[in-house]
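Going down the list, the sequences are from chains A and B.
Under numbering that gives the first Met the number 0, the letters of the first sequence match residues 0 to 224, in that order.
Under numbering that gives the first Met the number 0, the letters of the second sequence match residues 0 to 224, in that order.
Among the clues, some could well be false.
Which copy? The list can't say, so a pair holds if one copy fits it or any two copies do.
[What the hints assert, rightly or not] As a list, the in silico BS3-like pairs of lysine-lysine whose alpha-carbon atoms are at most 30 Å apart:
1. Lys155 with Lys84
2. Lys93 with Lys220
3. Lys152 with Lys208
4. Lys155 with Lys208
5. Lys84 with Lys152
6. Lys165 with Lys10
7. Lys165 with Lys208
8. Lys220 with Lys208
9. Lys10 with Lys152
10. Lys155 with Lys165
11. Lys220 with Lys152
12. Lys84 with Lys10
13. Lys84 with Lys165
In case anyone wonders, no lab produced these hints; they're calculated from the structure.
Here the structure is a predicted model, which is why all the values come from computation and not from measurement.
2 protein chains.
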Amino acid sequence: MISDHDWVQRKLGYSFRDVSLLDAALTHRSSGSRHNERLEFLGDSLLNFVIAHELFLRSPRADEGDLSRLRASLVRGVTLAEIAKSLGLGDQLKLGSGELKSGGYRRESILADALEAVFGAVLLDGGPEAASRMVLELYAGRLDNLPDPEHLKDPKTRLQEWLQSKNISLPDYIVDDVQGAAHNQRFIVSCRVDSLNLHTTGQGTSRRKAEQASATSMLEKLTSE
Amino acid sequence: MISDHDWVQRKLGYSFRDVSLLDAALTHRSSGSRHNERLEFLGDSLLNFVIAHELFLRSPRADEGDLSRLRASLVRGVTLAEIAKSLGLGDQLKLGSGELKSGGYRRESILADALEAVFGAVLLDGGPEAASRMVLELYAGRLDNLPDPEHLKDPKTRLQEWLQSKNISLPDYIVDDVQGAAHNQRFIVSCRVDSLNLHTTGQGTSRRKAEQASATSMLEKLTSE
Numbered sequence: 000m001i002s003d004h005d006w007v008q009r010k011l012g013y014s015f016r017d018v019s020l021l022d023a024a025l026t027h028r029s030s031g032s033r034h035n036e037r038l039e040f041l042g043d044s045l046l047n048f049v050i051a052h053e054l055f056l057r058s059p060r061a062d063e064g065d066l067s068r069l070r071a072s073l074v075r076g077v078t079l080a081e082i083a084k085s086l087g088l089g090d091q092l093k094l095g096s097g098e099l100k101s102g103g104y105r106r107e108s109i110l111a112d113a114l115e116a117v118f119g120a121v122l123l124d125g126g127p128e129a130a131s132r133m134v135l136e137l138y139a140g141r142l143d144n145l146p147d148p149e150h151l152k153d154p155k156t157r158l159q160e161w162l163q164s165k166n167i168s169l170p171d172y173i174v175d176d177v178q179g180a181a182h183n184q185r186f187i188v189s190c191r192v193d194s195l196n197l198h199t200t201g202q203g204t205s206r207r208k209a210e211q212a213s214a215t216s217m218l219e220k221l222t223s224e
Numbered sequence: 000m001i002s003d004h005d006w007v008q009r010k011l012g013y014s015f016r017d018v019s020l021l022d023a024a025l026t027h028r029s030s031g032s033r034h035n036e037r038l039e040f041l042g043d044s045l046l047n048f049v050i051a052h053e054l055f056l057r058s059p060r061a062d063e064g065d066l067s068r069l070r071a072s073l074v075r076g077v078t079l080a081e082i083a084k085s086l087g088l089g090d091q092l093k094l095g096s097g098e099l100k101s102g103g104y105r106r107e108s109i110l111a112d113a114l115e116a117v118f119g120a121v122l123l124d125g126g127p128e129a130a131s132r133m134v135l136e137l138y139a140g141r142l143d144n145l146p147d148p149e150h151l152k153d154p155k156t157r158l159q160e161w162l163q164s165k166n167i168s169l170p171d172y173i174v175d176d177v178q179g180a181a182h183n184q185r186f187i188v189s190c191r192v193d194s195l196n197l198h199t200t201g202q203g204t205s206r207r208k209a210e211q212a213s214a215t216s217m218l219e220k221l222t223s224e
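Turn these sequences into a full structure, and let the hints guide you.
Below, the structure written as structure tokens:
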């Protein structure tokens, strides 16, 4: 295992003045009192801003909804964890023994949070420009290959837009049933397009998820006909 | 009505190089094709970052949850609309005739969005430092008088912490009933603390709101006893 300092220099091209900031960024709360949760909060807000700004400049024709969806796809935990893995960040993490034994260094949320905390630490150590530069370098490939924002829309939105484009009135979502005990509830929702006399149902652990599932079924029904 | 340019100079101490950016920031989508929604997206992300950074520096003992709650209270629409009103921003807005007649210039969400768009416009026109300075000046009084983060916690969180502090097992929330037609549903939720043999109920237009209402009743019951 290389030292934190060598790692961040080699992988991120950055030299910390105050190495204790980097130490804190790489310390999970299971391992020490000076852990990375405050830095994660700070780094998360920097990341959101830098990506929003860059998307705004790169996508002059994207509307606000497209920009939001593109940003969400870039800053979500799965994406951050991928970047963290590519940097070998897991090997640098300081975890408590419980987390270590349970393989916590591979857990995506821990990796994602630690990478955000590193951004926060660079912001404090080197200022906003240094931190922005690091974010943009790590995201360069993804920013050059942005997905089509249309594909990032959720099923309810896609269904609504499909119906509107055909001048069909919008669907109703109705909670038909809530089953199971607390903490383990199951929502059954139906999606109805009354003017076409069609309905589908969906299930999920939340009302929202059940609605999305019912909208997916409705979209399939409509576009396969 | 003073010109946009005079207004922003007098009220915000900023002179735009490119006045068309300010124009776009003050244009609601009801009034023109070059409207403020993209700038609002940009300004919102800047605002979140600047406030997060400032709270981090000012509140060295606040944990991540406290920082999140403090930020949410500062960047929410109500607060932004208060600031916008104090600047007389409503008189500068360009609204379509429909919004104008319905008194849209007083609508809080329209004011809040336009203020965020102004932050975005300053970012593009004068760079991150100029935009950060403007945000911090407008928020100076509020940052000097931060609320106690404890008071910003939602009822479910406060109930959970109250029970944990007394080593009482956590409550269950159960959806007892969902009434009414789609778009107008009413959730009835009960909050149960089985070990104390207590339960309360709450209602709301979403499951979350109904749970919070039931937690509020439970807290009142527990702390009045």
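*In rising order, the numbers of the hints this structure does not comply with*: 1, 2, 6, 9, 13
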